[in-house]
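Visitor: Here are the chains, one letter per residue:
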Amino acid sequence: MVRQDKGAIVVAEGSYDKAMASLFLATTAAGLGMEAHVFCTFFGLNLLKRKARPKLPGMYRLFTGMFEKKMKRLAGVEGFQEIMETAKDLGVRFYACSTSMAALGMKKDQLVDGIEVLGASKFLDIAADSRVQLFIG
Amino acid sequence: MVRQDKGAIVVAEGSYDKAMASLFLATTAAGLGMEAHVFCTFFGLNLLKRKARPKLPGMYRLFTGMFEKKMKRLAGVEGFQEIMETAKDLGVRFYACSTSMAALGMKKDQLVDGIEVLGASKFLDIAADSRVQLFIG
Amino acid sequence: MVRQDKGAIVVAEGSYDKAMASLFLATTAAGLGMEAHVFCTFFGLNLLKRKARPKLPGMYRLFTGMFEKKMKRLAGVEGFQEIMETAKDLGVRFYACSTSMAALGMKKDQLVDGIEVLGASKFLDIAADSRVQLFIG
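Chains as they are written, first to last, in our numbering: chain A, 155 to 291; chain B, 155 to 291; chain C, 155 to 291.
Hints should not be assumed to be uniformly reliable.
Any copy will do: because identical chains look the same in the list, a pair fits if it lies in one copy or spans two.
[Unchecked claim] DSBU-like cross-link-like pairs, simulated, lysine-lysine; straight-line CA separation at most 35 Å: (1) K276 <-> K224; (2) K276 <-> K223; (3) K160 <-> K205; (4) K262 <-> K203; (5) K242 <-> K205; (6) K205 <-> K276; (7) K261 <-> K276.
Simulated from the structure, these hints should not be mistaken for lab results. Because the structure is a prediction, the values reported are computed rather than measured.
Only chain A is shown next, with the shape it has when bound in the complex (with noise of 0.2 Å):
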């Protein structure tokens, strides 16, 4: 039975730009009172680290800590890590896919609080009854 007031987003890319639309997403879902589930897969792992500060692709890091501010101070959009603890604090809810964690050698103490491993067949039966399923990567 699909429910109309669940999404599930899987993240697999860890730039600046996919990072922010994933947490714009998640938390605009949430904000209109639907449950949102975030799998963070491959590259989109660097996202749940602690201290992760993505950045823009091809771009020096620098660059990335410009655009941020301009972001900010005109479209009063919070950096990464800001909308990161709003999101937890609306209740999204992100995993890491346990098998990128394996691969790339991770172990759960480098994630950031309140982050559930699982496995993709797990994600995939969250994803089969929400209403809204996107891939961003």
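Model the placement of chains B and C on the given structure of chain A, informed by the hints.
Guide: The following block gives chains B and C in isolation, referenced to the frame of chain A:
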């Protein structure tokens, strides 16, 4: 209530291949009688700029031009600008993400005619009752 | 009528991470008893070439080989070719976008066996009554 005849696409990249994939899917959907809604955010905004000429990632513009000619000769595929016009003629609706516009300091008069500037939550409303939902980026 | 047990994936990138994400999702879906349909377009066509060896973006092929070995050792993940075979054994159906084939001047005999060459509108028909729809690229 989900409508079978409605599709929603988010475009977050501005490269030629992603631009064409978005337009192909949207025009195909519109051609099948569906309502097609395309929300452009981040680099995807490039597609909506006047005289946009998206290029293949990591390649010279010249190569994209050659590829475009080859697409036309071998597969009868029109260029980006022509397909954009076809899409609009078929009733595909294009939206520019208001937050991205503000963050990039873009004004509405930099966009081609007939684009609606919209917030992410408004678009999520459109996506929520769409049968097909795709994130291209 | 939407079928709960049917999934449709569009693959528009040919890199190792996107290839593996596509195959993981498709085989997981098939393993759960779903019908899985994978439509390869643009650079995604690379996955269907005989002896395809997708590589990680922006890295030497050697590094991808090392990563693949690490994936196998640490997470028990098979290589691309092995998973492709598994996917076909599980009944995942792969399609090559006819327009992309024509544009890239590719012939069907360059593709692995068992691939159907299909137009985008035909695939949209398949996607339209699928429960899960993802664009990977």
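Visitor: All the hints need checking, so say for each whether the structure fits it.
Guide: Going down the list of hints, with the structure as the test:
{"no.": "1", "hint": "K276 <-> K224", "result": "between (39 Å within a copy, 23 Å between copies)"}
{"no.": "2", "hint": "K276 <-> K223", "result": "between (38 Å within a copy, 25 Å between copies)"}
{"no.": "3", "hint": "K160 <-> K205", "result": "within (28 Å within a copy, 39 Å between copies)"}
{"no.": "4", "hint": "K262 <-> K203", "result": "within (9 Å within a copy, 37 Å between copies)"}
{"no.": "5", "hint": "K242 <-> K205", "result": "within (15 Å within a copy, 41 Å between copies)"}
{"no.": "6", "hint": "K205 <-> K276", "result": "both (27 Å within a copy, 31 Å between copies)"}
{"no.": "7", "hint": "K261 <-> K276", "result": "within (19 Å within a copy, 38 Å between copies)"}
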